[in-house]
Amino acid sequence: MVGLLAIGPGCGKSNSSGGSGEGGSGATGGSSPTGGSSATGGATATGGATGTGGATGTGGGGTVSCTITPMASPSSMIPTVGIVTFTTTLPSPTEAHIDFGLDTGYGMTAPVDLAAQSYRTLLLGMKPSKTYHFRISVTSSGGICLGGDNTIATGAQLNGLPSLDTTTNNKAALAPGFVVTGQYVTSGHAPAFIFDSDGSYVWWYDDTSDACGARMSYDGNYIWIASGNVPDGMTTDHVHRVTMDGLTDTDFTTAFAHHSHEVTPLPDGSVAFFTYGTGTNGCDDIKIFPTGGTPSSTATTLVNARTAHGGTASCHVNYIQYSPSDDTLIFSDLDNDCLTKVSRTTGATVWVLSGSNGITSTFTGDLWKGGQHGFQILSANDILLFNNNSPSSGGSGSGATALEVMLDTGANTSTKVWSYTASPAIQVMALGDVQRLPNGNTIVNYGPASTIEEVDSGGTVVQEVTSTRTTFGFFEKRATLYGPSTK
Amino acid sequence: MKRANKLLFLTGTLLPLLAIACGSGSPSLTCTDGSIAANEANDYAFSSTLTLSPVKVKSMSDLTFDWGGVTQDFLGHPVDPVADLNSIFLLLVNLPVATFESQLIDDSFSQSSIAITPPPLFAPSGGQTSGSLFNDFTAGGEPIDATLAGPYLDAATYTPANSTFAITAQTGANLGTGIRMLQAFQLDDASTNTTVTLTNTSTGLTYDANLHSLHPTGVPAGTAALTLDWGQLGANALGAQITDNTRTNITSAIVGHYSQTPAELEGQFLDLQTIAEDLYTADIASGFVLDFTTLKDAGGNSFPGIDSTGTWLVGLICGVCRNPAPWYLTILEPVKQPCASP
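Protein chains in written order, with our numbering: chain A, 1 to 487; chain B, 1001 to 1342.
It cannot be assumed that every hint is accurate.
SDA-like mimics (lysine to any residue), calculated; alpha carbons at most 20 Å apart, straight line [claimed, not checked]: (1) K1058/B - N1245/B; (2) K130/A - A1146/B; (3) K1058/B - L1148/B; (4) K127/A - G1231/B; (5) K127/A - D206/A; (6) K1056/B - Q1232/B; (7) K1056/B - E1101/B; (8) K1336/B - S1035/B; (9) K369/A - S343/A; (10) K127/A - S1035/B; (11) K369/A - A1139/B; (12) K130/A - R1247/B; (13) K130/A - A156/A; (14) K130/A - S1286/B; (15) K130/A - Q1232/B; (16) K130/A - S75/A; (17) K127/A - D1145/B; (18) K369/A - T1147/B; (19) K127/A - A1139/B; (20) K1056/B - S1130/B; (21) K369/A - L1148/B; (22) K127/A - R1247/B; (23) K369/A - A1146/B; (24) K369/A - P324/A; (25) K127/A - G1287/B; (26) K130/A - N1135/B; (27) K127/A - N1245/B; (28) K369/A - W351/A; (29) K127/A - T166/A; (30) K1058/B - N1135/B; (31) K130/A - K1056/B; (32) K127/A - S1286/B; (33) K1058/B - T1171/B; (34) K369/A - D1145/B; (35) K130/A - T1246/B; (36) K130/A - E1101/B; (37) K1058/B - S1130/B; (38) K130/A - N1245/B.
Hint data in this document are derived by calculation from the structure and do not stem from the laboratory.
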């Protein structure tokens, strides 16, 4: 941000300083290298205003003069979401973004879709009842045109969101960003929400049901909110896709009939999910809607869970993730203590990791009992999972554990490379999720225990977020609310 | 409820004496132009106790739960055990019973103290008023059997010093909302009892609602152009501090018009929503100010403003609290405008 501060605001005009600056607009909390506009925009502009990690990458010959005229207002549905439109006299823009923050140091960056009408852009990640500064930057082949500083006031937080108690033990070690999650209650008013590293709510949406699963689409334009629907047939059964401004809520409940727990958006716009007990053998089916936006009423059944892992008992699929590197899906079956990888195109089983009730694990070595829920595919053979470790299903009951295993697909072995158990232990039978963060921290979500811990690689708790009033659903922590998922 | 009435009776006897001792009558009325600022002085006070009387049951065994005899909930309201008690939850709480009781009352109970989540549930649909843990209850949709439940029925692990079991009979499926009766129990290797029976006295509640110490608020009569701002309210009526983090817990408001006096309302406090001659409610989506023009009655009629008849109360409700007592409640009285200079 320092580099940007060095460039004074020029209302509706460009600025002449073309100096570089470390820590460009995307360095922290903004467009991450894997996230928003900076991903392919050429992070190191030649003569541009931003330096490493910057969002204005097309280079060119420094700054140019133009007029940028913005309009901004908070969303009427989610008043922490700013909606900015603007016009510019800069011809043929090739890139644009909006830096925004609580002061003129900004700190966050929203990429601008140049194809959007009036360059409509959402400012995401703002706290309630605050005044935010923002500045628009537009780039063309001739250089960068910087707008002046503007402000937008966010509205009040939705009443009735569960109070979050945040204890940060080491702010410097904390991975900055936002937690996207929801709440699992058996019925009732339980909005999905996003909170920042301070524990401040920055986004919420109430689709009138619970939000066991709340996951942003890969393009970052939507959030999919799914009720738990456990067991199937709950009157609260909901699957909604909501635009990030909260203004468009599409009800896909019928299309996702019998779904449970959550739905998983994939990079190409398709959505994977699982249906409760719909297989002819009584087990859950793994399903997928085809590529291309709006799910139709005919999802494809990719494979039945029992068929895939070869179990003999009941099943209870509770989570599914996509592995882009090998175009596979991995699903978790609580009842059978296993993860199963299947081909996304054929449904053929690639491997089964751990297992009980007659399931033969593809791998030997470090496996687990006691069930599991959320997990993250760190790489094709590196899996981080939330092991519930429930005594009722063979676990020790000594606390849920974040467990990372490395798979050797040649030797068919599984080796524990990292684990973490809270102290004192937190034992939960249901839900739970885990994610490795870009700085090496791991964030662990003990769902029904209403506790989320972020720990460093040594297992030291960096931050704890608790609430007495809710069960956290599945989650993702994102450095930025723009761009694709990193989980 | 007899205990509750007795407590109120004692309160009603003592307080006039205290008022005399203080050398003053009723608390003074604060005249406003209709812009009410909630504060501790114009708020009522509420305190309560909850008594759960655990019964002992045989450990490591199937248990039968019977709620057929519940005809009155712990608030004293009538209950039809078939029609009203449609969700029966089994809770295993990692707290001794006294702590569990107090945390329910002061609203500090966290569901992280529930050992089995989601809790075993039986949702009777065929008129049943009893159920067996192993035959009728499920956990997360899965049947419960001895293998699944066994580790949690061990008296050596779940002792009265660290745990409380409770069977809750409630209306509606949202755990913790609509609980009508709760019976606690404890595991005991020496016990032969395998039935937990809920009765009208399984849960004991005493409370004290104090409306006579608050400073009523004067507002112009016959107008809905009133506001109530709780942005500076430092503590709620239960005595808990209100922080920026919890101020948003208020999600709705009620305004009631009663034929009873404030003293009589203290004795009927649990029925405020049913005995009102006129009752207006409003959801408060955000912010800390109630706009009285948003209040509607059940028929959709707007709040018309107050008059000089009966008693008018305005209350603020915490929508996420387990203790349903309003966080704020005050008495409104009509006063001539403009207010006299102090």
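Requested in this report: Compare the distance between the alpha carbons of K127/A and R1247/B with 20 Å, and conclude whether the hinted pair is satisfied.
Outcome: holds (16 Å)
Query raised in the report: Keeping to a limit of 20 Å between CA atoms, is the pair of K127/A and A1139/B held or broken?
Result: The given pair, whose Cα atoms are some 38 Å apart, is violated under the 20 Å limit.
Query raised in the report: Within a Cα-Cα threshold of 20 Å, do K127/A and T166/A meet the stated pairing?
Result: Since the Cα atoms of K127/A and T166/A sit roughly 15 Å apart, the hinted pair holds (cutoff 20 Å).
Query raised in the report: Taken at face value, is the distance from the CA of D1145/B to the CA of K369/A at most 20 Å?
Result: holds (19 Å)
Requested in this report: Take the C-alpha atoms of K127/A and D1145/B, compute the straight-line distance between them, and say whether it is at most 20 Å.
Outcome: violated (48 Å)
Query raised in the report: Is the straight-line distance between the alpha-carbon of K1056/B and that of S1130/B 20 Å or less?
Result: holds (18 Å)
Requested in this report: Would you mind confirming whether the straight-line C-alpha gap from K127/A to D206/A stays at or under 20 Å?
Outcome: Holds, at about 18 Å.
Query raised in the report: When you check the alpha-carbon spacing of K1336/B and S1035/B, does it fall within 20 Å?
Result: Measuring from Cα to Cα gives roughly 14 Å; hence the hint holds.
Query raised in the report: Holds or violated: are the alpha carbons of K130/A and N1135/B at most 20 Å from each other?
Result: With Cα atoms ~54 Å apart, K130/A and N1135/B exceed 20 Å; violated.
Query raised in the report: Would the pair K1058/B and N1135/B pass a check requiring their Cα atoms to be no farther apart than 20 Å?
Result: holds (17 Å)
Requested in this report: For the pair we were handed, K130/A and A156/A, check the Cα-Cα distance against 20 Å.
Outcome: With a Cα-Cα distance of about 9 Å, the restraint between K130/A and A156/A holds, given a limit of 20 Å.
Query raised in the report: If you draw a straight line from the CA of K369/A to the CA of T1147/B, is it 20 Å or shorter?
Result: Given that 20 Å is the threshold and the Cα spacing comes to 15 Å, the pair holds.
Checked against the numbered hints above, the structure violates hints 1, 2, 6, 9, 10, 17, 19, 24, 26, 31, 33, 36; every other hint is satisfied.
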